[in-house]
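K.L.:
Chain by chain, the residues run as shown.
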Amino acid sequence: MSDDPRHAPRARHGRAPDVFRPGGWVSMKEYADHETVDFVIVGTGAGGATLACKLAEYGFSVVALDAGPYFRPLEDFASDESEQTKLYWTDDRIVDGDNPLQLGSNNSGKAVGGSTVHFAMVSLRFRPEWFKARTKLGYGADWPIDWREMWAYYTEVEQALKISGPVNYPWGPPRPRYPYRAHPLNAAARALARGCEALGIGWTETPLATLSAPRGLAHPCVYRGFCVTGCSTNAKQSALVTWIPRALSAGAEIRDLAMVGRIETDANGLAAGVHYHRQSKWHFQKARNVVVAGYAIETPRLLLNSANDKFPDGLANSSGLVGKNLMAQANQAVWGEMDEEVRSYKGPPSLAITEHWNYEDEGKDFFGGYAYMSQGPLPQLWANTQATAHGLWGARLVEEMKRYNHVVGLKIVGEMLPQEHNRVTLADELDQYGLRIPRVTYSWCDNDKRLIDHSIAFMSRALGAIGTKNIWVQEDDTCHLNGTARMGDRPDSSVVNADCRSWDIPNLWICDGSVFPTVGGANPSLTIQAIACRTADRIRTLSRLGEIRLN
Amino acid sequence: MLDWKAERGAGEPYPGYDVLAKWRSPSWNDKTREVVAARLKAADEPRFFTREEFETLIAVADRILPQPAPRPPIPVAALLDQKLQDGVMDGYRAASLPRDGEAWRRGLRALDAEARARHDHGFAKIVESDRDDLLRCCEAGELKSPAWDGMPSQTFFKHRLLRDLVLAYYCHPISWSEIGWGGPASPRGYVRLDFNDRDPWEAAEAKPGHEADALRVNRNVR
Amino acid sequence: MERALGAPKVAGSKGERARAVQSASRSRWGETETVMAARRLNRAAGTLAASVLVDSAVEHYRGSFKNKAMFTPLVVAGLTLAMSLHGTADMRPVAHRARDTSYLLAAATGLLGTGFHIYNVTKKVGGLSWQNVFYGAPLGAPMAILLSGLLGFCSERVRANGRQRPRRVFNLPAGETVATVTALGLLGTTGEAGLLHFRGAFHNPFMAVPVTLPPIGAGLLAGAVLNGGGRTRRLARRWMRLLTAMGFIGVGFHAYGVSRNMGGWRNWSQNILDGPPLPAPPSFAGLALAGLASLELMREARDA
Numbered sequence: 000m001s002d003d004p005r006h007a008p009r010a011r012h013g014r015a016p017d018v019f020r021p022g023g024w025v026s027m028k029e030y031a032d033h034e035t036v037d038f039v040i041v042g043t044g045a046g047g048a049t050l051a052c053k054l055a056e057y058g059f060s061v062v063a064l065d066a067g068p069y070f071r072p073l074e075d076f077a078s079d080e081s082e083q084t085k086l087y088w089t090d091d092r093i094v095d096g097d098n099p100l101q102l103g104s105n106n107s108g109k110a111v112g113g114s115t116v117h118f119a120m121v122s123l124r125f126r127p128e129w130f131k132a133r134t135k136l137g138y139g140a141d142w143p144i145d146w147r148e149m150w151a152y153y154t155e156v157e158q159a160l161k162i163s164g165p166v167n168y169p170w171g172p173p174r175p176r177y178p179y180r181a182h183p184l185n186a187a188a189r190a191l192a193r194g195c196e197a198l199g200i201g202w203t204e205t206p207l208a209t210l211s212a213p214r215g216l217a218h219p220c221v222y223r224g225f226c227v228t229g230c231s232t233n234a235k236q237s238a239l240v241t242w243i244p245r246a247l248s249a250g251a252e253i254r255d256l257a258m259v260g261r262i263e264t265d266a267n268g269l270a271a272g273v274h275y276h277r278q279s280k281w282h283f284q285k286a287r288n289v290v291v292a293g294y295a296i297e298t299p300r301l302l303l304n305s306a307n308d309k310f311p312d313g314l315a316n317s318s319g320l321v322g323k324n325l326m327a328q329a330n331q332a333v334w335g336e337m338d339e340e341v342r343s344y345k346g347p348p349s350l351a352i353t354e355h356w357n358y359e360d361e362g363k364d365f366f367g368g369y370a371y372m373s374q375g376p377l378p379q380l381w382a383n384t385q386a387t388a389h390g391l392w393g394a395r396l397v398e399e400m401k402r403y404n405h406v407v408g409l410k411i412v413g414e415m416l417p418q419e420h421n422r423v424t425l426a427d428e429l430d431q432y433g434l435r436i437p438r439v440t441y442s443w444c445d446n447d448k449r450l451i452d453h454s455i456a457f458m459s460r461a462l463g464a465i466g467t468k469n470i471w472v473q474e475d476d477t478c479h480l481n482g483t484a485r486m487g488d489r490p491d492s493s494v495v496n497a498d499c500r501s502w503d504i505p506n507l508w509i510c511d512g513s514v515f516p517t518v519g520g521a522n523p524s525l526t527i528q529a530i531a532c533r534t535a536d537r538i539r540t541l542s543r544l545g546e547i548r549l550n
Numbered sequence: 000m001l002d003w004k005a006e007r008g009a010g011e012p013y014p015g016y017d018v019l020a021k022w023r024s025p026s027w028n029d030k031t032r033e034v035v036a037a038r039l040k041a042a043d044e045p046r047f048f049t050r051e052e053f054e055t056l057i058a059v060a061d062r063i064l065p066q067p068a069p070r071p072p073i074p075v076a077a078l079l080d081q082k083l084q085d086g087v088m089d090g091y092r093a094a095s096l097p098r099d100g101e102a103w104r105r106g107l108r109a110l111d112a113e114a115r116a117r118h119d120h121g122f123a124k125i126v127e128s129d130r131d132d133l134l135r136c137c138e139a140g141e142l143k144s145p146a147w148d149g150m151p152s153q154t155f156f157k158h159r160l161l162r163d164l165v166l167a168y169y170c171h172p173i174s175w176s177e178i179g180w181g182g183p184a185s186p187r188g189y190v191r192l193d194f195n196d197r198d199p200w201e202a203a204e205a206k207p208g209h210e211a212d213a214l215r216v217n218r219n220v221r
Numbered sequence: 000m001e002r003a004l005g006a007p008k009v010a011g012s013k014g015e016r017a018r019a020v021q022s023a024s025r026s027r028w029g030e031t032e033t034v035m036a037a038r039r040l041n042r043a044a045g046t047l048a049a050s051v052l053v054d055s056a057v058e059h060y061r062g063s064f065k066n067k068a069m070f071t072p073l074v075v076a077g078l079t080l081a082m083s084l085h086g087t088a089d090m091r092p093v094a095h096r097a098r099d100t101s102y103l104l105a106a107a108t109g110l111l112g113t114g115f116h117i118y119n120v121t122k123k124v125g126g127l128s129w130q131n132v133f134y135g136a137p138l139g140a141p142m143a144i145l146l147s148g149l150l151g152f153c154s155e156r157v158r159a160n161g162r163q164r165p166r167r168v169f170n171l172p173a174g175e176t177v178a179t180v181t182a183l184g185l186l187g188t189t190g191e192a193g194l195l196h197f198r199g200a201f202h203n204p205f206m207a208v209p210v211t212l213p214p215i216g217a218g219l220l221a222g223a224v225l226n227g228g229g230r231t232r233r234l235a236r237r238w239m240r241l242l243t244a245m246g247f248i249g250v251g252f253h254a255y256g257v258s259r260n261m262g263g264w265r266n267w268s269q270n271i272l273d274g275p276p277l278p279a280p281p282s283f284a285g286l287a288l289a290g291l292a293s294l295e296l297m298r299e300a301r302d303a
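Protein chains in written order, with numbering that gives the first Met the number 0: chain A, 0 to 550; chain B, 0 to 221; chain C, 0 to 303.
Derived from the structure by calculation, the hints contain no laboratory data.
Please read these numbers as outputs of a predicted model, since none were measured by experiment.
Be aware that a few hints might be false.
Unchecked claim - Cross-link-like lysine-lysine pairs, in silico, DSBU-like; alpha carbons within 35 angstroms at most: (1) B:Lys206 <-> C:Lys65; (2) C:Lys122 <-> C:Lys67; (3) B:Lys143 <-> B:Lys21; (4) A:Lys363 <-> B:Lys21; (5) A:Lys363 <-> C:Lys67; (6) B:Lys40 <-> C:Lys67; (7) A:Lys309 <-> A:Lys363; (8) A:Lys401 <-> C:Lys122; (9) B:Lys143 <-> B:Lys157; (10) B:Lys40 <-> B:Lys124; (11) A:Lys401 <-> A:Lys135; (12) C:Lys67 <-> C:Lys123; (13) A:Lys448 <-> B:Lys157; (14) B:Lys40 <-> A:Lys401; (15) C:Lys122 <-> B:Lys157; (16) C:Lys122 <-> C:Lys65; (17) B:Lys40 <-> B:Lys21; (18) A:Lys448 <-> B:Lys40; (19) A:Lys468 <-> B:Lys206; (20) C:Lys65 <-> A:Lys363; (21) B:Lys40 <-> A:Lys468; (22) A:Lys448 <-> B:Lys206; (23) B:Lys157 <-> B:Lys124.
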C-alpha cells in the first residue's frame with residue numbers, strides 16, 4: 000500500500016506519525032465515533048492545534064480533525080516549489096469583488112498543522128492600542144480582550160515556539176527576552192536595514208518561529224530558504240512539530256484526512272458532534288463541545304453549510320455576521336535590482352523588519368498601520384510575480400529572470416479595515432465531498448488604498464536610498480485571512496464572545512483568525528495562538544465553575 | 000551528453016553551472032530526487048490535452064517563454080499537461096473562469112479560432128509575430144470570439160495562461176541553472192548569506208572580463 | 000601525574016622526556032628548572048596557537064578569504080605553533096631570537112586583528128549591535144593569538160633567567176606576571192564563549208560549563224598571586240588541570256553539536272562552519288597550561 004499521506008490516513012490504529020523520525024511513530028489515544036468526547040476540534044492549525052494541546056493537557060478528552068495529510072517533514076518534504084503546493088488548500092473556491100483575493104498559497108494550508116506548516120514564521124505581537132482600535136485610534140472595532148492579558152499569552156506562545164528574536168525589541172511595551180537569539184541577516188535583510196537607516200527609522204531582526212539553535216530532536220535552521228514551501232529540517236516551529244506532539248502525549252487524538260462537512264445540532268439547539276468524511280465514508284463524531292478552527296474561509300463555510308431547520312442561516316449566525324468582515328492584509332511590494340549579488344533565496348525570507356509605521360501615527364492619512372519586511376522569493380514565485388504583477392513575458396521575462404540574484408524587495412503586511420461586504424458566502428457549485436464551495440468577495444476601501452499608497456511611496460524611497468535600480472511596484476497582493484466570525488461584547492454585533500464561545504450555541508466555539516475584529520499590520524499567527532491559549536484557560540476556568548457542558 | 004553546455008558561456012550569467020551536478024550532494028534529499036526525476040521524464044505525448052490543443056499550447060508556450068537554441072528545451076507544454084492530468088489546481092478562480100483544466104481547453108480552442116479567423120491558419124501555423132500580436136490582444140482583453148464562451152480573454156491570460164506556463168518553465172532544473180539559483184537545498188542549506196557571498200556549492204556569476212573564471216568555478220560546483 | 004602532564008608532549012624521544020623529568024626532580028635550583036618552566040609556557044603558547052590556527056582557518060574559509068589579510072593569522076599561528084614546538088623541545092637555558100621574533104609577531108597580529116575585527120563589525124549596518132557581534136568577525140578571537148604571543152614571549156624571558164632567582168619577566172616576578180596574564184585571558188575567553196553560547200541560547204545545560212569554571216580559575220590564579228598560600232596554589236593547580244580537561248572535552252561536545260545539526264557529519268561542508276566551532280574550546284586548555292606553569296613558577300619562587 001502507498002505510504003503517501005495524501006492517499007491514506009496515517010494517524011490510525013493507536014499511533015500517529017513521529018514528525019522527528021523518518022518512518023517513526025508515536026502512540027496515540029483513540030476514541031470511537033460513538034464515544035462522546037469533551038471537545039471535537041475542526042482544524043489543526045495555529046488555532047486548533049494550540050487549543051487541542053492545551054485542552055488535552057488540562058485533562059479534557061479531545062479529538063482534532065484535519066482535512067489534510069499528516070506529514071513527516073524530514074522525509075515527505077522536497078526542496079521544490081511545485082511539489083510543495085501539496086501543503087496548500089487547493090480545493091475549488093471562487094473569488095470575486097473589485098479586488099479578488101489570490102488564495103491557495105500564502106493564506107491557506109491543508110495539512111495537519113494547517114498553514115503554519117508553510118507560514119513565513121513571522122511572530123509579532125500586536126500593538127496594544129489595536130485591541131481598542133475603535134476607542135483609542137478611531138477605526139474598526141474594539142476587541143473584548145485587554146492587551147495586558149494578551150501580553151502574558153504572547154509570552155507563553157513565544158516560549159512554546161522558542162521564537163528567535165532580537166535581544167531588545169525596539170517597539171511597544173517591554174516584553175520578556177525571546178527564548179532564542181535572532182538569526183544572522185542575509186543580504187536582503189541588510190538591504191532593508193540600510194534603507195531604514197538612510198530614512199532614519201528603526202529596524203530590527205524579525206522575531207521568527209524557526210530555531211537558531213537545536214531544540215530536542217529539531218535541528219536549527221540551515222538557511223535553505225524554502226520556508227514558505229515547507230521546512231524539511233523541523234527548524235520551523237509549526238503547529239505540526241510543537242503543539243501537536245504535545246497534544247498527542249497529553250492524550251489528544253488527531254484524525255488526518257478527515258474533512259468535516261457539517262456540525263449537527265440536537266433538539267436543544269446545542270452542538271452534538273460533527274459529520275466528517277474519511278476514507279471514502281461519512282462518519283459522525285459525538286462531542287459535548289465543538290470547536291471550529293478552519294480559518295477565515297472554511298470556518299464560516301462550515302457554519303453556513305451546517306444550516307438546519309433550527310438555524311436556517313447557519314450556526315452561530317443570529318447576528319448575521321458569519322462570513323462578514325473578512326480581512327486580508329495588504330501585501331504590496333517594491334522591487335528593484337542592486338549591483339551587488341543579493342541571492343535572497345538564502346535564509347528565511349523575512350529576516351529583517353520595520354514596524355515603524357505600526358507604531359508611528361504622525362504623518363499618516365489613513366487608519367491602521369503596516370510593517371514591512373525583506374523578501375526572498377524562490378524562482379517560481381519570482382517568475383510568477385514578474386509575469387503577472389510586472390506584466391513581463393517573452394524574451395523580456397526570460398532575460399529579467401537572469402537578474403534574479405540581484406533582486407531586492409520590500410513587502411508590507413498592512414492593515415485592512417473590516418467591511419461587511421468583504422465576505423465569504425456559499426456558491427452553488429459542489430466540491431469533491433458534495434459540499435457547497437465558498438465564494439470569497441473582496442474589495443479594498445479608500446483607507447486600504449491610502450495605506451497601500453503610503454507604503455509604496457515610503458518603500459520606494461527606502462530602496463532608492465540604497466542605490467537600487469529599476470524599481471517597480473507590485474500593486475496587487477494580499478496575505479492572511481481574518482475576520483468572518485468576529486469576537487465582541489454583544490451578541491448582535493459579534494459572533495463569539497471574548498472566550499471564543501458562540502453567543503447562540505454555548506457549546507460551539509470558534510478558535511482561529513476568524514474571531515479577529517481587526518487585523519493590525521502584523522502577521523496574525525502569534526495572536527491566533529495566544530487567543531487559543533487564552534481560550535483554553537477560560538474553558539478550564541469555566542468548567543471548574545460548571546459553566547461548560549461536560550456530560 | 001552535456002555537449003551543449005560547452006557552447007554555453009557567451010552572454011550567459013552563469014556559464015557552465017548545472018544545478019543537476021549537485022544531484023548526489025547533500026543539497027538534494029531523496030524526496031527531492033524523486034519528484035525532480037519524475038519531472039525530467041515528462042512525456043512528449045499529451046495525456047490531458049488533445050493533439051490539436053497540445054500543438055496550440057506548444058506554440059503559445061514558445062512565445063511566452065522563448066528558449067535559446069543550443070540547449071535542450073524545457074518541455075513547458077508537457078509539464079503543464081502532466082500537472083492538469085494530475086489534477087493539481089490553484090485552488091481559486093475568478094468567478095468568470097471555469098476550473099483550471101476546462102479554462103485551458105476553452106482558451107486554447109479560442110486562441111486557435113482567433114488565429115483562423117484572422118490568418119486562415121491555426122495558432123500553431125501562423126508566424127511568430129502574428130502569434131505575439133494575438134497574445135497581446137488576449138492580454139488586453141480584446142479577443143471576444145464566441146469560442147471564449149463568456150470567459151474574458153484578459154482574465155484567462157493573466158490568471159491561467161501566463162501563470163501556468165511560467166510556473167511550468169521555472170519548475171525545471173534547466174531554468175534554475177539559467178538564473179543561477181542554488182536549487183534544492185536539504186539537508187545542506189547555505190552558510191554565507193551577506194552581499195556578494197557565495198558558498199562553494201552555489202553558481203558563480205560571470206563578471207565582465209572574467210567569464211572564464213566563472214566557467215571554471217561552476218564546473219566544480221557540487 | 001603532575002609531572003607527566005607537565006612533561007613535554009612534543010619533545011623528541013622518550014629518553015629525553017624521562018631525562019627532563021628526572022632532572023626536574025633532581026635539581027630544584029638548577030637551570031633545568033628554569034628551562035622546564037619556560038617549556039611549559041612554550042607548550043601553553045603552542046596549544047593556543049594551534050587553536051587559533053585551526054579556528055582562523057575554518058572561520059576565514061567561511062569568510063571566503065575575501066581580504067588577503069585573512070591569511071595572516073594562519074601564517075602567524077602556524078609559525079607560532081612551530082616555534083612553540085621548537086621551544087618545548089629545546090632544553091637550552093637561553094632565549095631564542097627566532098622564537099622571540101615570532102612571539103612578538105603573534106602578539107602584534109593579535110592587536111592588529113582585533114582592530115580589523117572591530118572595523119569589520121562596526122562597518123556593517125547596525126554597527127556594534129548584538130547581530131554583528133554574534134555573526135560578524137568575532138571581536139575576542141584575535142586576542143587568543145595575542146595571548147599566545149605574550150605567553151611565548153614570557154617563556155623566553157623565563158628561560159633567559161638562567162640560575163637567577165626569583166625569575167623575572169619585564170622586571171616583574173615571572174609567576175605572578177604569567178598568572179595575571181592568564182587570568183585575564185581566561186576572563187576574556189569566557190566572555191567570548193559566553194557571547195557565543197548566549198547566541199546559542201544555552202540550549203544545552205553543558206553550555207554553562209565554559210562560562211562557569213574558567214572565571215573561578217581566574218579567581219584562584221588571582222588568589223594565588225595575592226595571598227600566595229600553598230593551599231590556594233594547590234587548589235588553583237587542580238582547577239587548571241580541570242580547565243585543561245574541559246578544553247579538550249569541549250571539542251567532543253562541539254563535535255556532538257556538529258552531528259546534531261541537519262544532515263550531521265554528512266553535511267560537514269555546512270555544519271563544520273555553522274555548528275559549534277571545533278577548535279575553540281582548546282584555547283581554554285592552552286590558558287590553563289599557562290596557569291599551571293605560572294603556579295609552578297610561583298611555588299618555586301615562594302617556597303625558596
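K.L.:
Look at each hint and say if it fits the structure.
P.N.:
Hint-by-hint comparison with the structure:
1. For the hint pairing Lys206 of chain B with Lys65 of chain C, the CA-to-CA distance comes to about 16 angstroms; that is within 35 angstroms, so the pair holds.
2. Annotation: proposed proximity of Lys122 of chain C to Lys67 of chain C holds, straight-line Cα distance about 18 angstroms (limit 35 angstroms).
3. Distance check on the hinted pair: Lys143 of chain B and Lys21 of chain B sit about 48 angstroms apart at the alpha-carbon level, beyond 35 angstroms; violated.
4. A threshold of 35 angstroms between alpha carbons decides the hint, and for Lys363 of chain A with Lys21 of chain B the separation of about 50 angstroms lies outside it, so the pair is violated.
5. Under the criterion of a C-alpha separation no larger than 35 angstroms, the hint pairing Lys363 of chain A with Lys67 of chain C is inconsistent with the structure, at around 49 angstroms.
6. For the given pair, Lys40 of chain B sits about 47 angstroms from Lys67 of chain C by alpha-carbon distance, which is inconsistent with the 35 angstroms threshold.
7. Proximity of Lys309 of chain A to Lys363 of chain A is assessed by CA-CA distance (about 48 angstroms); at most 35 angstroms being required, the pair is judged violated.
8. With a CA separation close to 30 angstroms, the supplied pair Lys401 of chain A and Lys122 of chain C stays within the 35 angstroms bound.
9. With a CA separation close to 16 angstroms, the supplied pair Lys143 of chain B and Lys157 of chain B stays within the 35 angstroms bound.
10. Straight-line distance between C-alpha atoms of Lys40 of chain B and Lys124 of chain B comes to about 27 angstroms, which keeps the hinted pair within the 35 angstroms bound.
11. The hinted pair formed by Lys401 of chain A and Lys135 of chain A fails the criterion: a straight-line CA distance of about 49 angstroms is larger than 35 angstroms.
12. Of the pairs offered as hints, the one joining Lys67 of chain C and Lys123 of chain C holds, with about 19 angstroms between alpha carbons and a cut-off of 35 angstroms not exceeded.
13. Of the pairs offered as hints, the one joining Lys448 of chain A and Lys157 of chain B holds, with about 22 angstroms between alpha carbons and a cut-off of 35 angstroms not exceeded.
14. For the hint linking Lys40 of chain B to Lys401 of chain A, the alpha-carbon distance of about 25 angstroms falls within 35 angstroms, and the restraint holds.
15. Only pairs whose Cα atoms come within 35 angstroms are accepted, and Lys122 of chain C paired with Lys157 of chain B is rejected, the gap being roughly 45 angstroms.
16. A distance of roughly 15 angstroms separates the Cα atoms of Lys122 of chain C and Lys65 of chain C; the hinted pair therefore holds under the 35 angstroms criterion.
17. Of the pairs offered as hints, the one joining Lys40 of chain B and Lys21 of chain B holds, with about 18 angstroms between alpha carbons and a cut-off of 35 angstroms not exceeded.
18. Between Lys448 of chain A and Lys40 of chain B the alpha-carbon distance is near 46 angstroms, which puts this suggested pair outside the 35 angstroms criterion.
19. Distance hint between Lys468 of chain A and Lys206 of chain B is fulfilled; the C-alpha atoms sit about 18 angstroms from each other, no more than 35 angstroms.
20. For the given pair, Lys65 of chain C sits about 44 angstroms from Lys363 of chain A by alpha-carbon distance, which is inconsistent with the 35 angstroms threshold.
21. Under the criterion of a C-alpha separation no larger than 35 angstroms, the hint pairing Lys40 of chain B with Lys468 of chain A is inconsistent with the structure, at around 40 angstroms.
22. Simply put, Lys448 of chain A and Lys206 of chain B have alpha-carbon atoms about 42 angstroms apart, too far for the 35 angstroms limit, and the pair is violated.
23. Distance restraint check for Lys157 of chain B and Lys124 of chain B: the Cα-Cα separation of roughly 24 angstroms lies within the 35 angstroms cut-off, and the hinted pair is therefore satisfied.
Comparing the model with each earlier hint shows violations of hints 3, 4, 5, 6, 7, 11, 15, 18, 20, 21, 22; every other hint is respected.
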